Each structure stands twice: as C-alpha cells, then as structure tokens.
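A.B. asks: Now for the letters of each chain:
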Amino acid sequence: NAGVTQTPKFQVLKTGQSMTLQCAQDMNHNSMYWYRQDPGMGLRLIYYSASEGTTDKGEVPNGYNVSRLNKREFSLRLESAAPSQTSVYFCAVDLGDNTGELFFGEGSRLTVL
Amino acid sequence: GDSVTQMEGPVTLSEEAFLTINCTYTATGYPSLFWYVQYPGEGLQLLLKATKADDKGSNKGFEATYRKETTSFHLEKGSVQVSDSAVYFCALRGTGGFKTIFGAGTRLFVKA
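Heads up: the protein sequence lines correspond to chains A and B, in order. Residue 49 in my numbering sits at position 49 of the first sequence, with consecutive numbering throughout. Residue 76 in my numbering sits at position 76 of the second sequence, with consecutive numbering throughout.
Hints in this document: simulated from the structure, not taken from any laboratory. Predicted model only: the values in this text are computed from it and were never measured. A portion of the hints provided could be inaccurate.
What the hints assert, rightly or not - Derived lysine-lysine pairs resembling BS3-like cross-links, with alpha carbons at most 25 Å apart: (1) A:K57 to A:K71; (2) B:K99 to A:K57; (3) A:K71 to B:K99; (4) B:K68 to B:K99; (5) B:K56 to B:K68; (6) A:K9 to A:K71.
In isolation and in its complexed conformation, chain A is listed as follows (with noise of 0.2 Å):
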C-alpha cells in the first residue's frame, strides 16, 4: 500500500540476536509511532516521534530504540531480542496536525526463539 511501508514483513531470530524494523512513509506527515500488538493487549505503544529529530517513550519501551533521522523514515531496533519480544509491530502516521488519526502499516510479524 502506498503511505505506510514497513520492512521486513516477516522475521524469525534466536534469543540475543539483533535486527532493525524499517518505516518509511510517504504522506510527508511530522508524527510517528510504533506499536506492538500481542492477544488480549490491544495495542502497546513503544516510541513515538512528533518530529523529524525528535523522540519519546511510550509504554512499553524497554529493550528497544528508536531513531528519526528524517521526516520520512522511523526505525525500531532489538538490540538482544527476547522471547517475550515476539509480536506484531506497526508503523503508523498521524494524518493530521496531532489529531489522533492514525494510518498504519501492513505490520511486521516477528517471532524469537
């Protein structure tokens, strides 16, 4: 889908290795997110960016980081992933000027071992 490209859309990893989860949008928007999906959580915020060269933590953001080096690209790394790790991730954009509304990505389905 145009707006929203997250890469890779499936990883497998063993316990300690480490990787790097790619968004790129191309909506031109300030804000984004990631998120984690995992049953009966809903969805957990991990970072947030409001702007290019800005970042925040959200909920859950222990054993991850995050960079926004442009106004297009927001990248999520596991630095030593863990099982409990293993999740759905999602990019998303705010569609406005800090509304709310969010466009997300397809996902990236990780799984540790």
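Given the coordinates of chain A, work out where chain B should sit on it, guided by the hints.
C.D. replies: Leaving out everything else, chain B in the frame of chain A:
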C-alpha cells in the same frame, strides 16, 4: 493515566443483527475518541471519530456518540454483514498529548 476499556469478545452475530460494542474511557479533560477496525492480516484502519462531547461519528453504517457524562463511546450498527467480521478497537487521544491509547480489541464474527 489515560485508559480505554472495551467489552471482551468474541462477539458472534447472525447477518442483519444489531451490533453494540461497549467502550468506556478514563482521561482528564476532553480527549478525542476513535474506533479502528482490523481485518485479518491487515493493519488497523480508522473507522470513525468524535472530538467533543455529544459528537456522533459515523462511517459505513457504524455510529458512536461521545458521551462525556458516562465517559463512553459505544459502537453500533443496525444490520451487520459477514464482511464486518473483524477486530474493533476503541482508542483515545488525550488533550495536548501525542499518544493514542487503545483498548484490547473486540473480535466480531458474523455468520451468514
């Protein structure tokens, strides 16, 4: 802190039945309220929204009214279709904040 509570699922209905999915929230001030829908294998899509008390959001036959007095934003549809089978999430964006908080989601199954 802000939070959203929605009814547990799954909800199973026959086609053309009336749907209600309850959602209540806790927040200071006047948050914006949203319903998102997630179809199998896809990301979430915004279904409808309301930004102030007594506003009614509507889209694709779904409606929800922002009730400040009961801190609720229940989702309704008069006649569901098989194609409405999905997971529905209630969400809020607090006043002056950058975070959108989601409920746990309610899975809806509609039988033909």
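A.B. asks: Determine which of the earlier numbered hints do not hold for this structure and return their numbers in increasing order.
C.D. replies: No hint contradicted; all consistent.
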